[in-house]
Amino acid sequence: MDNTTYIALSRVDTLMHALDVTANNLANADTNGFKAGRQLFSEYLARQKGPDTLAGDKQQSYTQDQATYRDQLQGPLRQTGNLTDFAINGEGYFTVRTTQGIRLTRNGAFQRRLDGTIVDESGNPVLDSTGRNLVLQNEEDLLSVASDGTISTQNGAIGAIGLVTVDNIQTLVPEGHFLLRPTTRTHAVARPEIRQAMLESSNVNAVSETTRMVEIQRDYDLTFQLIQTESTRQQTAIDKITAEPTS
6 MDNTTYIALS RVDTLMHALD VTANNLANAD TNGFKAGRQL FSEYLARQKG
56 PDTLAGDKQQ SYTQDQATYR DQLQGPLRQT GNLTDFAING EGYFTVRTTQ
106 GIRLTRNGAF QRRLDGTIVD ESGNPVLDST GRNLVLQNEE DLLSVASDGT
156 ISTQNGAIGA IGLVTVDNIQ TLVPEGHFLL RPTTRTHAVA RPEIRQAMLE
206 SSNVNAVSET TRMVEIQRDY DLTFQLIQTE STRQQTAIDK ITAEPTS
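Residue numbering for the sequence shown follows the working numbering, starting at 6 and increasing by one per position.
There could be a bad hint or two in this list.
To be verified - What follows is a list of derived Cβ distance ranges for each label pair: (1) T241 x V178: 46 to 54 Å; (2) Q79 x L119: 20 to 28 Å; (3) T247 x R186: 51 to 59 Å; (4) R75 x Q222: 46 to 54 Å; (5) T122 x Y74: 31 to 39 Å; (6) Y74 x M218: 14 to 22 Å; (7) G161 x R75: 33 to 41 Å; (8) T188 x L24: 24 to 32 Å; (9) Q79 x H182: 46 to 54 Å.
These are computed hints drawn from the structure, not numbers from a lab. We treat Cβ as the ideally placed atom computed from N, Cα and C, and that holds for glycine.
With these hints in hand, go ahead and build the complete structure from the sequences.
Okay, here's the thing in structure tokens:
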């Protein structure tokens with residue numbers, strides 16, 4: 006393959022990843038608290054060497070896929086009327102205890118089990134500000150949660166929902182649709198703000214993501230067409246060079 010094909014293939018590889026990221030965003034457009042994935046591109050310049058290199062070919066530009074990061078723009082908050090639904094306004098994450106360890110989430114669609122334990126959609130216990138499972142006694146009803154996370158029942162304040170964060174949000178590793186695995190130490194949010202009977206929607210704009218997917222597909226088709234055209238051109242040139250001369 007020549008340099009034109011290598012450059013085009015670098016673009017194709019990046020576009021395939023972009024398509025996967027965009028498709029995942031669309032699949033989670035209705036996932037509570039989901040943050041859209043974004044790609045970070047860069048230009049990789051390769052200096053060509055050799056006495057036969059033309060002046061215009063001494064530096065070639067390749068597309069490089071540097072990383073995928075999460076767009077931290079907050080999703081819109083919506084009323085649900087469910088007293089065990091909670092939305093975070095601002096920074097922070099709820100903490101839940103899974104079989105693999107502590108995980109973080111922005112999805113506050115919780116429910117109360119028969120034993121009084123507050124759990125997420127997968128049945129993982131939600132933790133309070135001290136790191137213990139959030140449990141209500143049988144005779145207690147969940148009446149209100151203050152904006153700072155303090156939980157009160159008819160027996161008064163019984164604890165607080167814990168909100169934590171990390172120094173670098175991009176170090177959180179997604180697991181499943183709404184869980185995040187911290188890879189660094191977590192710490193409590195200084196000024197937590199929780200809204201009861203509300204949920205944070207995904208920050209994915211389905212219309213924008215669909216448009217983006219169409220653009221990626223078009224770019225992919227054009228780039229792949231370039232590769233095919235270049236391959237045909239090379240094969241034609243080879244056929245002409247190797248063809249037996251006619252008498």
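Quick rundown of the hints versus the structure:
1. T241 x V178: 46 to 54 Å: 49 Å, holds
2. Q79 x L119: 20 to 28 Å: Because 34 Å falls outside the window, the suggested range is violated.
3. T247 x R186: 51 to 59 Å: 57 Å, holds
4. R75 x Q222: 46 to 54 Å: Once the Cβ atoms are compared, 23 Å apart, the range 46 to 54 Å for Q222 and R75 is violated.
5. T122 x Y74: 31 to 39 Å: Hint holds: Cβ distance 34 Å, inside 31 to 39 Å.
6. Y74 x M218: 14 to 22 Å: Holds - the Cβ-Cβ distance for Y74 and M218, about 19 Å, lies within 14 to 22 Å.
7. G161 x R75: 33 to 41 Å: 39 Å, holds
8. T188 x L24: 24 to 32 Å: 27 Å, holds
9. Q79 x H182: 46 to 54 Å: 18 Å, violated
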